[in-house]
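Sequence order for the protein chains is A and B.
Going by my numbering, the first residue of the first sequence is number 1, and it counts up by one from there.
Going by my numbering, the first residue of the second sequence is number 1, and it counts up by one from there.
Keep in mind the hints are simulated off the structure, nothing from the lab.
Hints are not guaranteed to be accurate.
Calculated pairs, BS3-like style, for lysine-lysine (alpha carbon to alpha carbon, straight line, at most 30 Å) [stated by the list, open to error]:
(1) A:K43 x B:K13
(2) B:K264 x B:K242
(3) B:K13 x A:K53
(4) B:K60 x B:K324
(5) B:K241 x A:K53
(6) B:K13 x A:K73
(7) A:K41 x A:K4
(8) A:K73 x B:K389
(9) B:K3 x A:K2
(10) B:K13 x A:K5
(11) B:K13 x A:K41
(12) B:K13 x A:K38
(13) A:K4 x B:K13
(14) A:K43 x A:K5
(15) B:K389 x A:K43
(16) B:K243 x B:K164
(17) A:K2 x B:K13
(18) A:K31 x B:K3
(19) B:K324 x A:K73
(20) B:K164 x B:K264
(21) A:K41 x B:K324
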Amino acid sequence: MKLKKNIAISETGFVFDPNSGDSYSLNSIGKEILELVKLGKSKSDISFHILNKYDADEFTFERNYDDFIDMLKHHKILENE
Amino acid sequence: MTKLRYERPIISKINAGVPDKFGMKTSVETLNQIDTVPVKDILEQYGSPVFVVSEPTIRKTYEEATSAFTSRYPKVQFAWSYKTNYIDAVCRAFHKLGSWAEVVSGFEYQKALNNGVSGNEIIFNGPDKSDEDLKLAIENLSLIHIDHFDELYTILKLAETTDKRPKVAIRVNMNTGIYPQWDRFGFNYENGEAWQALNRLMYSEKVDVVGLHTHIGTYITTPNAYSVAISKLAELATSLKKKFNHAIQYIDIGGGFASKNTLKGAYLPGKDTCPTFDAYADAITGALMSANFAPNELPTLIIESGRALIDDAGYLLGTVLANKRLADGRRSTILDIGVNNLFTSFWYEHEVLPVETTTQQTEDTTLYGPLCMNIDVVRAAVQFPLLQKGDKVAIRRVGAYNMTQWMQFITFRPNVIMIDEEHNTHIIRKAETNATFEAQEVIPEYLKS
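So that you can see chain A by itself, here it is in the shape it has in the complex (with noise of 0.2 Å):
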């Protein structure tokens, strides 16, 4: 799972995608995720930092995490794997 190139993200979570001109924002959670992708973490490994700092069960961070990483492909953020 990869993060097209050329993907800007800014501070305040706004992300803009210069090969289709879309544009998008982002909440903190969700920054804060994007930028994990981005540095290629694994689910594995963002599941474990969003657990250790954010008051959620495991289960219920499994079901956002998987639908917010289908909403990165709907959106086509993500690199064709």
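On the provided structure of chain A, position chain B as indicated by the hints.
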């Protein structure tokens, strides 16, 4: 180390477009208590979903409505529209405040009697009154509002079999400048049918023509239409006086006042566009006062408003069952509240609010109910906060029509509770169970084995 509050990660596409001139809401509103009773406690005690009726809100709304009219006109009487919400406790709350009963079937008529309403304070409207219903209404000196000529002649026939003189009015339909014009109930004004019906009744000398009634439509946001209606009824009344020297006792303007709910397709929210009771009262009483009634023969003004009096007092509380993604990436949230209980979601954009403060983030969401049917959509598109399975929601302004038009479809109807003036909660209609339905069904012998 204390962990930070978690919220679901989201990414939303930014669509460039023309924003409306009112801008976006800046915060997510929550509804965590009703009359100081915590919503979570109600759900815990009475289950989910659950309807809640606030008696303090009924009283407050009723007082607001009555004072708008009584401060402008000396003789005013409200009659509670049973079909809007005929749960007995709700009806009794209105009767306690001074409302008569307005019913439209034998079933509702019996309910009114059982609620202790005296026969002469029951208004019997509607196209479906059986001979038995009419006999009872005549005996009880109830106010029978005649809908069609077949009913008129039935009453004249029944009048020959009793020593009681039926107390009758006719329902009149008319053009008041609003669309659609309701012409399926009562006798038409413009084509002379209403005057013809009144003549037939007066010449019969077997009934007392005590009033004139109209109901011009529903969710009327143009108070002036009521002025037109009053003027036309007043014309009929003065014609009766002139021809028969007969003064009617009341004019019943019906109901149809809007509530603060937002109709589907409306540009502005209902709470900004709904006329006040003062606006309706001004239009109605102004027209009455300018009509040609002698000061000693001013008719009583009867008002049968239902929706505007009860909508704000009703709440529907429920729970998020699941979140899903639709094929186009839109989020959908499934609630345990569906169109089976929230019938009015077919015509209103109901406000669905989280019970607890969550985040200020929202996503474009479709809210579905729990039914395995495609029609079960509570909101087709709404900016909705990031609720999770098990989170609680509250829908306000559901007091009108939902607790009468709800469907027993796929699942049961839930508990209905009332919060009283001291903020105590009471069940006023028990949730249905399998036993409720088993009691009604009969299995033929040959299918029993």
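So, going through the hints one by one against the coordinates:
1. A C-alpha spacing of about 23 Å is found between K43 (chain A) and K13 (chain B), which places the hinted pair at or below 30 Å, so the restraint holds.
2. Annotation: proposed proximity of K264 (chain B) to K242 (chain B) is violated, straight-line Cα distance about 47 Å (limit 30 Å).
3. As the CA atoms of K13 (chain B) and K53 (chain A) are separated by approximately 27 Å, the hinted pair is consistent with the 30 Å bound.
4. Between K60 (chain B) and K324 (chain B), the direct Cα distance comes to roughly 41 Å. Violation of the 30 Å bound is thereby established for this hinted pair.
5. Of the pairs offered as hints, the one joining K241 (chain B) and K53 (chain A) is violated, with about 83 Å between alpha carbons and a cut-off of 30 Å exceeded.
6. Annotation: proposed proximity of K13 (chain B) to K73 (chain A) holds, straight-line Cα distance about 13 Å (limit 30 Å).
7. Taken as a hint, the K41 (chain A) and K4 (chain A) pair is honoured in the structure, with Cα atoms around 15 Å apart against an allowance of 30 Å.
8. For the proposed pair K73 (chain A) and K389 (chain B), the alpha carbon gap of about 24 Å is at most 30 Å, so the pair holds.
9. Pair hint K3 (chain B) plus K2 (chain A) holds up; C-alpha atoms about 29 Å apart against a cutoff of 30 Å.
10. A hinted pair counts as satisfied when its Cα atoms are at most 30 Å apart, and K13 (chain B) with K5 (chain A) qualifies at roughly 18 Å.
11. Taking the CA atoms of K13 (chain B) and K41 (chain A), the gap is near 24 Å; set against the 30 Å cutoff, the hint holds.
12. Straight-line distance between C-alpha atoms of K13 (chain B) and K38 (chain A) comes to about 19 Å, which keeps the hinted pair within the 30 Å bound.
13. Distance check on the hinted pair: K4 (chain A) and K13 (chain B) sit about 16 Å apart at the alpha-carbon level, within 30 Å; holds.
14. A C-alpha spacing of about 20 Å is found between K43 (chain A) and K5 (chain A), which places the hinted pair at or below 30 Å, so the restraint holds.
15. Taking the CA atoms of K389 (chain B) and K43 (chain A), the gap is near 22 Å; set against the 30 Å cutoff, the hint holds.
16. Among the hinted pairs, K243 (chain B) with K164 (chain B) is consistent with the structure: their alpha-carbon atoms are about 25 Å apart, no more than 30 Å.
17. Between K2 (chain A) and K13 (chain B), the direct Cα distance comes to roughly 20 Å. Compliance with the 30 Å bound is thereby established for this hinted pair.
18. The straight-line distance between the Cα atoms of K31 (chain A) and K3 (chain B) is roughly 18 Å, inside the 30 Å bound, and the hint therefore holds.
19. For the proposed pair K324 (chain B) and K73 (chain A), the alpha carbon gap of about 16 Å is at most 30 Å, so the pair holds.
20. A hinted pair counts as satisfied when its Cα atoms are at most 30 Å apart, and K164 (chain B) with K264 (chain B) does not qualify at roughly 48 Å.
21. Distance check on the hinted pair: K41 (chain A) and K324 (chain B) sit about 26 Å apart at the alpha-carbon level, within 30 Å; holds.
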